[in-house]
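Participant: One letter stands for each residue in the lines below.
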Amino acid sequence: MRRSLFAALAAVVLTSPAVAADPAACTDRSAIRWHLPGDFESAQKAADKEKRLLLVKGIAFGVDEVGAKDATKGCW
Amino acid sequence: MRAGCFAETRVIRLVNRRFISFFYNTGGPGQGKDEKAAAFTKGKTKNRFAFYAAFDAAGEPLGVTDIYANKDNTFDWLVEVLRNNPEFDQYTEAEEKVLAKAKAEPKDAAAQLAAGQLAEDLGKYKEADGYYRAVLEVSRVTAEAGDAYRGLLRMARYARDWKGVRAVCGSVNEMKEGQMNKLNLAPDVAMETAYALLGEKKYDAARKLLVRAIETHPDSKRLSEFHFSAGVASFFLKDKEQAYYHWCWVVENLPDDRLARRCFTAAAHEAMPYENPELGGYAAKHLPGGSIELINAQYKKAKAVYEKVKTAK
Numbered sequence: 004m005r006r007s008l009f010a011a012l013a014a015v016v017l018t019s020p021a022v023a024a025d026p027a028a029c030t031d032r033s034a035i036r037w038h039l040p041g042d043f044e045s046a047q048k049a050a051d052k053e054k055r056l057l058l059v060k061g062i063a064f065g066v067d068e069v070g071a072k073d074a075t076k077g078c079w
Numbered sequence: 008m009r010a011g012c013f014a015e016t017r018v019i020r021l022v023n024r025r026f027i028s029f030f031y032n033t034g035g036p037g038q039g040k041d042e043k044a045a046a047f048t049k050g051k052t053k054n055r056f057a058f059y060a061a062f063d064a065a066g067e068p069l070g071v072t073d074i075y076a077n078k079d080n081t082f083d084w085l086v087e088v089l090r091n092n093p094e095f096d097q098y099t100e101a102e103e104k105v106l107a108k109a110k111a112e113p114k115d116a117a118a119q120l121a122a123g124q125l126a127e128d129l130g131k132y133k134e135a136d137g138y139y140r141a142v143l144e145v146s147r148v149t150a151e152a153g154d155a156y157r158g159l160l161r162m163a164r165y166a167r168d169w170k171g172v173r174a175v176c177g178s179v180n181e182m183k184e185g186q187m188n189k190l191n192l193a194p195d196v197a198m199e200t201a202y203a204l205l206g207e208k209k210y211d212a213a214r215k216l217l218v219r220a221i222e223t224h225p226d227s228k229r230l231s232e233f234h235f236s237a238g239v240a241s242f243f244l245k246d247k248e249q250a251y252y253h254w255c256w257v258v259e260n261l262p263d264d265r266l267a268r269r270c271f272t273a274a275a276h277e278a279m280p281y282e283n284p285e286l287g288g289y290a291a292k293h294l295p296g297g298s299i300e301l302i303n304a305q306y307k308k309a310k311a312v313y314e315k316v317k318t319a320k
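Those sequence lines, one after another, are chains A and B. All residue numbers for the first sequence refer to the working numbering, where the first residue is 4 and numbers rise by one. All residue numbers for the second sequence refer to the working numbering, where the first residue is 8 and numbers rise by one.
Bound-form chain A, shown alone (with noise of 0.2 Å):
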């Protein structure tokens, strides 16, 4: 009884579109690199360094903590 109750729960888990069945295989989480706020002398450095563009992003919408932390999260 137990068994099949375990089976069936795990069936209704499984085939529920509501949540991935595994976040960490389906998560893409390709980015740019992206030197951060308070450190473009290294990213200048690093251009000059490997003879490549210095590509600069700047954002007049305001940053919050967590994306001047973190160019992949927070607000930016």
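Incorrect hints may appear among the rest.
Below, in silico cross-link-like pairs of lysine-lysine (BS3-like), each with a Cα-Cα straight-line distance of 30 Å or less [stated by the list, open to error]: (1) B/Lys228 - A/Lys76; (2) B/Lys114 - B/Lys189; (3) A/Lys48 - B/Lys215; (4) B/Lys40 - A/Lys72; (5) A/Lys48 - B/Lys51; (6) A/Lys52 - B/Lys131; (7) A/Lys76 - B/Lys40; (8) B/Lys245 - B/Lys315; (9) B/Lys170 - B/Lys114; (10) B/Lys247 - B/Lys215; (11) B/Lys228 - B/Lys245.
In short, the hints are calculated from the structure, not lab data.
We have chain A already, so just place chain B on it with the hints.
Facilitator: For chain B alone, coordinates are given in the frame of chain A:
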């Protein structure tokens, strides 16, 4: 731009391969100000508050995008900046080896694939096409072949060549089912076909296909794309409840995903201070300016709809 071009795979790959990226707060509220960056950019951009611009390390400005450039014209601009400044577009030693190996070993599928991916990243689509088709000449049922098909599908999509997308999908569908599953190409065929349907404004068909893909491929790395595009199809079908459901689903369940911010911005579209090119240029006319607080409040409303729809499913 964060929800648009910065979340776009081909922009990410080109920028990471060929540029050094930096962002800072030019004068808005909150954190993230940078005096050295401000001095570096002073007087060099038409709009001194909001810009996306290229400079050499010495500070020479070499180009700037339109203020709210979309994901496609940003990519085109990046490629143009590199073509106009070839001294900053040189192959690395590793890249030279990739190209040399592809030239020396035309029957080596892995070598052809690596060269194809390099060419595609750099926006050299004609060259990439040649390399990807060389992979398929060697074999159509290897892991390399799967990636080559994906590359051909992406490039057809970038060109809005829906006939080309369908031709490649047709070629994949000719495989035996076991082979297609082994290469895990079904999610890609579904998503690229959905892009074609969206491009043709066949929103109902696109949504049906995407909902089926969500159910059939819950572990796919393209799950966020399925949901985002299902939301877009729902938006154009004037079904905002389902649009909010799909967009908020990504934000709430895949918060670290590449498309989480794009989905957040779409869910908060009624409070955004600029047009959303993913939503046909939707612009919220009644909110001049806008603020992080207003945007977060709008997302909260969308999330409430998501919770209601989720409970009902």
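Participant: Checked against the structure, which of the hints given earlier come out wrong?
Facilitator: 3
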